Each structure stands twice: as C-alpha cells, then as structure tokens.
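Colleague: Protein chains in written order, with our numbering: chain A, 1 to 306; chain B, 1001 to 1293.
Treat each hint with caution, since some may be false.
Cβ pair distances, simulated, as ranges [stated by the list, open to error]:
no. : chain 1 : residue 1 : chain 2 : residue 2 : range
1   : B       : Gly1026   : A       : Ile273    : 48 to 56 Å
2   : B       : Arg1194   : A       : Val98     : 18 to 26 Å
3   : A       : Ile55     : B       : Lys1052   : 40 to 48 Å
4   : A       : Ala82     : B       : Phe1055   : 49 to 57 Å
5   : B       : Leu1111   : A       : Ala82     : 27 to 35 Å
6   : B       : Ile1037   : A       : Lys189    : 33 to 41 Å
7   : A       : Glu188    : B       : Ile1107   : 26 to 34 Å
8   : A       : Pro87     : B       : Thr1144   : 33 to 41 Å
9   : A       : Met47     : B       : Asp1186   : 35 to 43 Å
Because the hints were derived from the structure by calculation, they are not lab data.
These numbers were taken from a predicted model, which means no experiment stands behind them.
Note that CB positions come from ideal geometry on N, CA and C, so glycine has one too.
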Amino acid sequence: MSATANPIEGGQTAVPAPSPRRRKGLSKRNGARASNAASVSIIAFIMLLLFGPLILLAIFSFNSSTIISLPFEAFTTHWYKAALEDPGARSSIEHSVVVALIVAAFCMVLGTMSAIGITRSRFKLRGAAAGLHGATLVVPSLIIGVAAVMFFVQLRIELSLTTLTLMHIVVTFPLVTAIVAAGLVRFEKAPEEAAIDLGASQWQMVRYVMLPQIAPSLAAAGLYAFFESFNSFELSFFTGGYEQTFPVWVYALLKHGDNLPLINAAATFIAAIQVAIVIGGWFLVKKLLHRQSTDTNLSDMILGSR
Amino acid sequence: MSAIAARLRPSRHSARVLGYMTLPVGLLICFFVAPLIVLADKSFRFELIAEKTGFTLDNYTRIFGNHLYVHILLQTIEIATIAMAVELLIAFPLAYILAFKAGKFEIPLLLALVLADELNPMVRIYAWRMLLGKEGLINTTLETLGIINHPINALLFSRFSVILVLVTGSIVFASIPIYASMKAVDRRLFEAARDLGASWFQIFRKILLPLVAPGVFISIALVFIPFFTEFATPGLVGGRSGYMIGNTIAEQISATGEFGGGTAMSLVLLAAAGVFSLIAYSVTRMKSLGTAA
C-alpha cells in the first residue's frame, strides 16, 4: 500500500476554513493520481514477476542456439520436433495428461458425493467427515508422499502410475468437495425434497434437480482437479516409482544439470496448453453460469474454490 | 401416509447418507489416514539394518543430535520465514489494489492471477533457472552491455534464488484470501474515518488491518506450511546455502532408503504443521468473532 493512498490533511487539529478546503480538494486529486500510478506500477511489477520468465522461456524456445542467451541467433522450431521425438518428454507428457484426466473424472464424482453427504444430511459424524476432508488439504504433499511410500512398501505393492493416480485422487477430491459444497449451500433444499416427494428416484433428483444447479461449480472444480494433478510434483515424485510424469521428468533432467533447449520447448508447449485450457474453462464456467441466470459472481467462484 | 413416511424417513435418510459418504470417507481412511499411521509407526521403529525390533526413539534422537540436521532445520525456518514476510509485502498491496482500486480491471486481473496459479510450477522454476544462471539471460545480457565483467554467481544456487522462486510461486495463493476478506470490508468505514480526520496510517492500522486479519492468517497458513516442506525449488535453484529440510527427507526416502530418519523428520514437520494450522485457525476465529461483535 502506498503512502499516498489516502492523503488526509490536518488531522485532529485542522481548523475548518474556506481556503484550506480548496487546497484539500486539489491535493486529493494529485494524490489520487499518484496513488493510481503507484497501483499500476505495483501491478506491473507483480505481473512481470509472474509472467516475465515464462514469456522469455517461450521466446527462447524458438532460438536455434543451444545456450539460452542473447543475441537471439535464428528462429527455429527444431526443439519442438526434438521434444516430440524424445521418448522421455513424450511419455511423461502423455502420463501427466492421462493421469490428470482420470483424476479429474474420479474427483468430480467422489467430490460431489461427499459434498451432497456433508451438506444435505444431519448425521453425527458429519463434522468429523468434513474435518477429514479438510485435513488432506492442510497436510503438505511431501508428507503425504512419504507416508504413501511407507504404506505401499509395507503392503508390498509396487509403485507405479496406478499408485500415483490413486494417491492423486485421494488428495484432490476433497478440493472438489469444498467447491461443490460451497455451491450446494447456496441453493435451497426444498426443490430436492419436492422431487423426492413427487416420486423421483434419488438418482433422478440428483441428475435433474441438483446437477443443473451445481454445474458451474462442478466444471470449475473439475478444472482445478485436473491442474492439481497435472501440476503435482511432490506426490508424483514419491508415488510414481519409475514411471515419470512431466514435472518429475523435468526435475530429474535438471537435477543432472542438463539445461536442455528441449525442456524449453516442452515447457512452453505445456504452458501454452494450460493457458488455452484455463481460458476455455473460464468461458465454459461463464456460459454455465449465464444459462443458470443466477446472480453468482465469477469472482465469488474463484474465492469459493480457494 | 405422512405418518408412515415420517417413520420411514430416518432409516431411508441414513441409508442415503451411507450411500453418499461410504466411498469418499472410506478412500480417505484407507489411503490418507492409514499411510499417516504407517508413517508414524515407522518413525518409532529401528532401521531395518539395525536388526532390532520394537519401539524406539532412536530416529528422533539421531536427528536432533546431529548438528547437520539441526543446521538444515534452522536454515529452513530462516528461508521460509523471510519468504513469507516478502510474500506478504507483495500480496497485501496486490489484494488491496484488486479489492479497492482495480475497478473494471478487477476480473481480468483475477483471471490473470488464476492463470498464473495454474501454470506448472516446474515450468516456472525452470524459467527462473534459465534467467538466473551463470550463463543465464540476466548475466549474459549484463555482460554484453558491459555493465558487469564477471557473471554474478549469487543469482542462482543461493538463498536469494530460493526465496525469489518460492515467493513468485505463491503470490496468488497468498493474495486471494486477503483479497476475499478485503472485499467484505464496508468501504464507508474508510470514509467515516477520513471525515473524522484519521490519517492513512490510522485507517490502515485501526480499520483495515483488524478487519482483514483473518484473511492474512489464512494466507499465512496456506503458504507458510508448504514453504517448509518444499523441495523442488531448493533442489533445483538452491545449491548449498538454499538447502532445505524437504531435500533431506526426499534424499533419505528416495535415494538412501534410510526410512527411519526421513519418517521421523516428516512426522516432526507434520506435527509442526498441525500446531501451526490450529493456531492460525483459532486466531482467525477469534479475530472474526471479535470483529463480528
């Protein structure tokens, strides 16, 4: 916050007089301009920190030089071809995408189930169940990863993409529960009870009464689940065994000191796809909200998911 | 009919609840609670090579008796705390601008932040490494321009780089809870205070800060705990001076197979995270109750 945000003159001892009032108005306008300039520069600085490195990464992924430095030698898409042909890059990206899709699908179902259970019922252990869901979001993934390794070693289950996917689902679906539950508490129970009283089956009620209402939250939650899995490094590092997801592949390469232009290309490719998915998802959620014609604010949705 | 229905309801109701909750809660118990119990159990047992059975505090005395581990732990606390402080210095103004100044740019900025948050952290770490390295973009550019003669080594594999990458990786996570609590503040309070002659600092200290304190605590809880257990960032941009406890645990578990020390350290971190979350939770509750009254 800038010092010029709220320039107040005088303080308690200020004596009201006609001329200071004009001065106050003037300095207020100047102050507002200064504080706007401060706001803009703060935002610009933060955006530079957030996106600057990634934009440079994208630019240099088209550079023909093997060293990432100026001057920019020549434009090439060679590294993209190399990345696509590299077995490590290809398989790790494929693993990540497939795992994230499976995780998102399972999480949407499991998260909705427990969200309905938690918000639409009054059983004694409800608080405990909600707390259990919350705990998965608080315990750091490094610790869950270590615990999972110990657990699977104990059971003599070999670590693979299967154990990795399972653990991703377990730590991610509570996130969906939180988002969908936040959506469910906004709606009245009456139509659901009416549907049941009028002879709808439980499934019909969920399908035709509940789902249309929670569709926007569920779509947002599915996106979050996808990215949660796709971006997960620590849990994948521990529970994947010898099968690598994209972040684990990058980590392993960099750990051995290879600053390959290959990673530039693969990373830019991934970032571009993620940007496309986020923007696409944004419009999807917006459209679902629009169709529902509720007054739910988009910023509310973002807040609800955090 | 209604009498029968009323009598039927409870059992039907509980059957439904059972139907919805069994699978999710069962999964959490089997693959979240059970592994943590195994972890705790392992940390109190002898290493396999010791060929002894039964419970022991051996693993714990070994960590806390070892100067190296204590040093790494202190270094971790230092790095995480500095990073958290810097994070708040960035997140607070960002949240303030978003909530009160952005106007029509509020939603586009939020979208940009969500986008930044969803980008792969490994890509971000890699991008910073490419910029900061000895032959990285910053050093080579400065050298070409003749500003420096030798590359600045401290840019990468230092405490600075770890803090920079940690901070930039969590800006969104840190600012969103503060932003949310700022959105809930009644702006007329500022005007009233201003009319009564309060200085901007008084407004900040007496009105804004108490009202958004819960958001600040949530943001600390969300960001500080992951900072402590991070190992990708210190592993890739840290070097020796940026080495953190997460790296030790990762190496012990994945490379050396010494489960005893790694599990004991994990459990210490888990306990610390638990205590910290409880404190943050109760402070937040107290604060919000206080402001609600």
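Colleague: Honestly, which of those hints from before does the structure not fit?
Modeller: Hints 1, 2, 3 and 9 contradicted; others consistent.
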